[in-house]
Structure formats: structure tokens, C-alpha cells
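Model the full structure from these sequences, guided by the hints.
Sequences listed follow chains F and L, in order. Residue numbers for the first sequence follow the working numbering, beginning at 1 and rising by one. Residue numbers for the second sequence follow the working numbering, beginning at 1 and rising by one.
A few of these clues could be false.
[Said to hold, decoys possible] Residues from chain F shown here face chain L by an in silico Cβ test under 8 Å; the list is partial: (1) Thr138; (2) Gly180; (3) Gln250; (4) Val296; (5) Val300.
[Stated by the list, open to error] Derived coverage of chain F by chain L (criterion: at least 3 residues anywhere in the stretch with Cβ under 8 Å from a Cβ of chain L; other residues may be distant): (6) 68-78; (7) 110-116; (8) 185-197.
If you're looking for bench data, these hints aren't it; they were derived computationally from the structure. From a predicted model like this one, the values you see are computed outputs, not experimental measurements. Backbone N, C-alpha and C define an ideal beta-carbon position, used for all residues, glycine too.
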Amino acid sequence: MAEVLVFVDHVDGAVRKPTLELLTLARRIGEPVAVSLGSGAENTAPALAEHGAVRVLTAEAPEFADYLVVPKVDAVQAAFEAVSPSAVLFPSSAEGKEIAARLAVRIGSGIITDAVDLEAGEEGPVATQSVFAAAFTTRSRVSRGTPVITVKPNSAAVEAAPAAGAVEALEVSFSEKATGTKVVARTPRESTGRPDLTEAAIVVSGGRGVGGAENFPVVEALADSLGAAVGASRAAVDAGWYPHTNQVGQTGKTVSPQLYIAAGISGAIQHRAGMQTSKTIVAVNKDAEAPIFDLVDYGVVGDLFEVVPQLTEEVKTRKG
Amino acid sequence: MSLRIVVCVKYVPDATGDRHFAEDLTVDRDDVDGLLSELDEYAVEQALQIAEERQRAGDDAEITVLTVGPEDAKDALRKALSMGADKAVHVEDEDLHGTDALGTSLVLARAIEKTGYDLVVCGMASTDGTMGVLAAMLAERLGVPQVSLLSEVSVEDGTVTGRRDGDTATEQLQARLPAVVSVTDQSGEARYPSFKGIMAAKKKPVASWDLSDLDIEAEDVGLEGAWTAVEGATERPARTAGTIVKDEGEGGKQLAAFLAERKFI
Ligand SMILES: Cc1cc2nc3c(=O)[nH]c(=O)nc-3n(C[C@H](O)[C@H](O)[C@H](O)COP(=O)(O)OP(=O)(O)OC[C@H]3O[C@@H](n4cnc5c(N)ncnc54)[C@H](O)[C@@H]3O)c2cc1C
Ligand SMILES: Cc1cc2nc3c(=O)[nH]c(=O)nc-3n(C[C@H](O)[C@H](O)[C@H](O)COP(=O)(O)OP(=O)(O)OC[C@H]3O[C@@H](n4cnc5c(N)ncnc54)[C@H](O)[C@@H]3O)c2cc1C
Numbered sequence: 001m002a003e004v005l006v007f008v009d010h011v012d013g014a015v016r017k018p019t020l021e022l023l024t025l026a027r028r029i030g031e032p033v034a035v036s037l038g039s040g041a042e043n044t045a046p047a048l049a050e051h052g053a054v055r056v057l058t059a060e061a062p063e064f065a066d067y068l069v070v071p072k073v074d075a076v077q078a079a080f081e082a083v084s085p086s087a088v089l090f091p092s093s094a095e096g097k098e099i100a101a102r103l104a105v106r107i108g109s110g111i112i113t114d115a116v117d118l119e120a121g122e123e124g125p126v127a128t129q130s131v132f133a134a135a136f137t138t139r140s141r142v143s144r145g146t147p148v149i150t151v152k153p154n155s156a157a158v159e160a161a162p163a164a165g166a167v168e169a170l171e172v173s174f175s176e177k178a179t180g181t182k183v184v185a186r187t188p189r190e191s192t193g194r195p196d197l198t199e200a201a202i203v204v205s206g207g208r209g210v211g212g213a214e215n216f217p218v219v220e221a222l223a224d225s226l227g228a229a230v231g232a233s234r235a236a237v238d239a240g241w242y243p244h245t246n247q248v249g250q251t252g253k254t255v256s257p258q259l260y261i262a263a264g265i266s267g268a269i270q271h272r273a274g275m276q277t278s279k280t281i282v283a284v285n286k287d288a289e290a291p292i293f294d295l296v297d298y299g300v301v302g303d304l305f306e307v308v309p310q311l312t313e314e315v316k317t318r319k320g
Numbered sequence: 001m002s003l004r005i006v007v008c009v010k011y012v013p014d015a016t017g018d019r020h021f022a023e024d025l026t027v028d029r030d031d032v033d034g035l036l037s038e039l040d041e042y043a044v045e046q047a048l049q050i051a052e053e054r055q056r057a058g059d060d061a062e063i064t065v066l067t068v069g070p071e072d073a074k075d076a077l078r079k080a081l082s083m084g085a086d087k088a089v090h091v092e093d094e095d096l097h098g099t100d101a102l103g104t105s106l107v108l109a110r111a112i113e114k115t116g117y118d119l120v121v122c123g124m125a126s127t128d129g130t131m132g133v134l135a136a137m138l139a140e141r142l143g144v145p146q147v148s149l150l151s152e153v154s155v156e157d158g159t160v161t162g163r164r165d166g167d168t169a170t171e172q173l174q175a176r177l178p179a180v181v182s183v184t185d186q187s188g189e190a191r192y193p194s195f196k197g198i199m200a201a202k203k204k205p206v207a208s209w210d211l212s213d214l215d216i217e218a219e220d221v222g223l224e225g226a227w228t229a230v231e232g233a234t235e236r237p238a239r240t241a242g243t244i245v246k247d248e249g250e251g252g253k254q255l256a257a258f259l260a261e262r263k264f265i
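Structure (C-alpha cells):
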């Protein structure tokens, strides 16, 4: 079977969930060969093997952390040339998309971004995209070159499928351009202890209706009772009530959880772009005309400061 | 020496309109209003701020806005000119219809080289294709550093610096000019064009180039030359109407019962 290159997103060797989903999708179109770069790369091998990687190509070099994107493009290109894969897959993170973009230019191949599903087709893999704020679903394929495809988080259920996962060192010689953009400082994000927004099964988001940073604990308390991640609308983020990294929507994170709860959010098209594919949608809003109610499976017209704390209490009681 | 800034701006269908596909599965632009992609307003704004900063230091800067798009895309250029850009380049050619990302990056790169540049500024993503790949592709094609997804940017002494807020960390980036940058919607509100700006824009030069001006063969762009093929587009079925209750004191409990029924509790 043809080999498929899968770019591994990891933090110091801990593989992030979207990569495991990617391996599941990769197995539909070939045999996954993982490319794992940077500090801790070799430590990713057991998790990758457990999820179907037949080989794990690793490279560690200070360049990966010290310079932006290009060193990783050089490495993926080296892997591409060594493996001659039938497709190259990336997680749809900001970095994943940029590496994919530059690789596509270098190898003269078409690129599809933000796929939400992937199937084998007669003329190569067919990708499903959710476009125009999830109002349309398209099916596309790469018609020239080796398909380069980036896949959104939550596009497939993670399946274990043990494979050899043989670790091999990848030879990389960095291009002259690799050191063009220097990372002069890096401040890791502090963990909140809550689940990661894009990976969470339940997301509770607050909007302008929350009224201030001091009220966000109302949203957080509900999230914690459900083991959920906390999201926010851009209005809440722009007002400085919640960090930008928690923004859901077109210019924030796309989430596709089992359950999405919107509190004090009107449901503007750009917000919907980031949450419309959630399986079950619930809203609390005091305005019965708010567009968010067009999307919901269950909506409560009411004051969130009455409804949300009552819900939180009830969840705690029911959970015992 | 004058700092030459090129801002790439895209003309897109209004996201609040009824966007859909034409028969050839390209974006139907006929019955939806088009506008300057809102995320590119942030790119124009940052370019203006960089130019203003430079002028305060007694130096010079010139901003060219560049678009690849149909006839109407001139509207996007006018908007950017009325915000304060100095001149515009419109790449327009019938053979461009249906061009994908790789093709767009080729056309933009050739046009940028022809214009001459020290700094290229892009938005973080278009509001229609939303790929977020063009800045990286341009840096690759032009062979210059990529300093992308910045929420803060400044240019000094031939160096561009910026802050990139990533998923797991915030990074401070630095590169020598010439470079390609892209800016996010966290970089600072875009200004509204003033009346004076709107009047002045009418007199600013807009150059029109076609593929032959850029030495690009028709078969490398457009629907025929595309590296990707769209095979189908279907409208998402409308969601079935959900249950909506008015809170009369028990709204939270009712919601809890619904969540329990769906096994979330
Ligand atoms: C290019 C572009 C990109 C954008 N990207 C994003 C994005 O990624 N994410 C995003 O969210 N937005 C985005 N926006 C902004 C978007 O258009 C809206 O402005 C934003 O989503 C509104 O946020 P909101 O719903 O919290 O606020 P509002 O629209 O002001 O709605 C607040 C809601 O709260 C309700 N409310 C008030 N008080 C209470 C109460 N006590 N109890 C219950 N309900 C109450 C009100 O009835 C109202 O419906 C973008 C805009 C543009 C132009
Ligand atoms: C719904 C939809 C899905 C698509 N999916 C794909 C796909 O998977 N693969 C593919 O190859 N093509 C795709 N396309 C085509 C693609 O959108 C265009 O080729 C496009 O111009 C480049 O991608 P983008 O608009 O998403 O750019 P982005 O990378 O999101 O744009 C970033 C920045 O690049 C600049 N820019 C982008 N386009 C132009 C332009 N025409 N003129 C000036 N500046 C510009 C702007 O500064 C913009 O902010 C899709 C188009 C649509 C409408």
C-alpha cells in the first residue's frame, strides 16, 4: 500500500489529539508514516505506533524552535523526498497550515485546507470541507501533484490500530532561508486545568451578555460542573473579559464538540462559523429574537444570571 | 530611502449575505454584494501605522494596495485607498476565473515583484476561502522571511518585529526586510475612511495588469490550471427546529433535564 506522510503536532513529545485523528484518516488512504520534529520527537513514537504509524521519522535540531516555520518545511520536504508518499497530511493548526502551504509551493502540488473528512477516491483522496460559515459542504481533491491536505480537529474518532512505528532518524539539511525569521522569545501559555477548547467534548461559551470579566466565573462554574472547556465570543474577548485564545469563531477557534452551550451570545455569522457543526447546541439568551435560537436543539429565553447558576446547581445535584 | 509597502487585499462576497456556488462550483459573485475582506482592513491599518511612524521619524514610505480579482474588485482597492494607501494595482484577466491558492500566490508574487517592495502585508485569512495560507506561500515564492499571524507589528532599521499568539505559546519574532507579514484582527481596529480620504482616493492611481503583463501563461491559472478540483457542493440541511422555552423560574432545571435526557449529565 502507498505510504502517507502525517505531520505530528506535539508538545515536548506529548502528541496532541488532532494528530491521532489524522492517523485514523490516513489509514483510509494508505500506510501512515509519521514525521515528528523538535525537542522530544522520539518520545512521540509509542503513541504514534499505537495509532497506526508504520514508521516514525524523527529529527531534533535547535533550528525547529529558534526559527519560524521554514526549518520544519525543510524537514518535511526531506521526508517527502525520502518516502515519495501518495499524500501529505497536516493538522489544521496555524503552523500546520503554513508548513503545508510552503511545501505545496515547493513540490508543485495542490493544497486543500481545513478538511473535515477524508476518503479514498478513484483519482486520489477526496476531502470534505465545511465552508461559508458551515452553510455548505464541498468535496474536493488535488488534481495536480501529490495531495497536501490539512485536517481540522474533531474530524474523526481516534482509533487504536497498533503498527510497527519503527523510529528512523531523518536527515535534514537546512536551507539558507531557514534562519530568516528568528523566534527571539517564547512564553508558554499557562494551563487552566480545563480541557483544551478544540478538543473538548463539551464547550460552554460566554458573550457580551455576560457583562464583564467579573461575571465570567458564572460561565466557568457551569463548565467545571460539566467538565467542559470555556469559550467566548469576540465581543467578550475584545472587551478584555476573557483571553483571545478562548475565542470561538471565524478568527478564533473552530469547535465541534458533542455539546455547545452559548450564554449571552447573539449568534453572529462569524461566531456561527466556529461552532455550527457542534452536535448538540444549547443557548441561553434574554432576547427571543437572537439568531442563535435558529441553531439550537434547546434554547432558554431568559436572564443568564438566573438560568446558568440554576443549571450548574442542578448538574451538581444530578451528578451527586 | 522610501519604504515600499505592498498590502494584499481580497474582494470577497459579504459574509452576512446569502453566499453560494455557481454552476461551475466557483463562488457565485453575481447576486451577493462584494466588499474588501474585513480582515484585510487590519492589514491596511497596520501598513498605514508603519508608514506614519516612519514619516514621524522624518523618513518616507509608500503604500501600494494589490488585488487579484474581477472588475468589481476595484471597490476593495478604493476602500483601501480612501483609508490612506497611496496607489493601487488591480490584476484582472478573464483567464483568472476559478484560480486556486497556488495560482493566486503565483499571480500575487509576480505582481509584487513588478511593483517592487520592502514589506508585504497580508490579512490573517480571507473571509471566503479562509485558508490562511497566502502569506506563507508568498514568502516561499519571493524567497524572503515570513513573519505571520502577528497581533503586534513594527518596523525599524530594516527589521520587522512582531508578536504571534499561538495555541501553546506567545512568540516574539524578528526578521530582516524584505519580508512578508500577516496580521490578525487583534492587531488594532481599522480606521474609517474620512470624507477627505474618500475624495482623495478618487484621484489616486490604479494600475490594471493582465496575465501577459506578469508573464503568466493562462494554463497555469484559472479553473483549467487549478491544482485542486471541487467535485461537489451541497447546502447544509437546515437544522430541525429545536425546543425553545421561556424562563419562568425553572429554565435552568428544564435545561438540565434536556441535558440529562441526551446523556450529558
Ligand atoms: C471579520 C470578522 C471576524 C469576526 N470573528 C468573530 C469570531 O471569531 N468570533 C465571534 O464570536 N465573533 C466574531 N466577529 C464578531 C461578530 O460579528 C459579533 O460582533 C460577535 O460575535 C458578537 O458577540 P456577542 O454575541 O457576544 O455579542 P452581541 O451580538 O452583542 O450579543 C449579546 C447577546 O447577549 C444577550 N444578553 C445580554 N444580556 C443578557 C443576559 N443577562 N442574559 C442572557 N442574554 C443576555 C443579548 O440579547 C444579545 O443577544 C467577527 C466579526 C468580523 C467582522
Ligand atoms: C469556500 C472556498 C474554499 C476554497 N478552498 C480552497 C482549497 O482548499 N484549496 C485551494 O487551493 N483554493 C481554495 N479556494 C480558492 C482560494 O480561496 C483562492 O484561490 C484564494 O484567493 C486564496 O485563498 P484564500 O482566499 O483562502 O486566502 P487566505 O490565505 O485565507 O488569504 C490570506 C491573505 O492573502 C491575501 N489574498 C488572498 N487572496 C487574494 C487576492 N485574490 N488578491 C489579493 N490578496 C489576496 C489577503 O491579504 C488575505 O488576507 C477556496 C475558495 C473558497 C471560496
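Here is how each hint holds up against the structure:
no.	hint	verdict
1	Thr138	holds, 5 Å
2	Gly180	holds, 3 Å
3	Gln250	holds, 7 Å
4	Val296	holds, 4 Å
5	Val300	holds, 4 Å
6	68-78	holds (count 4)
7	110-116	holds (count 5)
8	185-197	holds (count 5)
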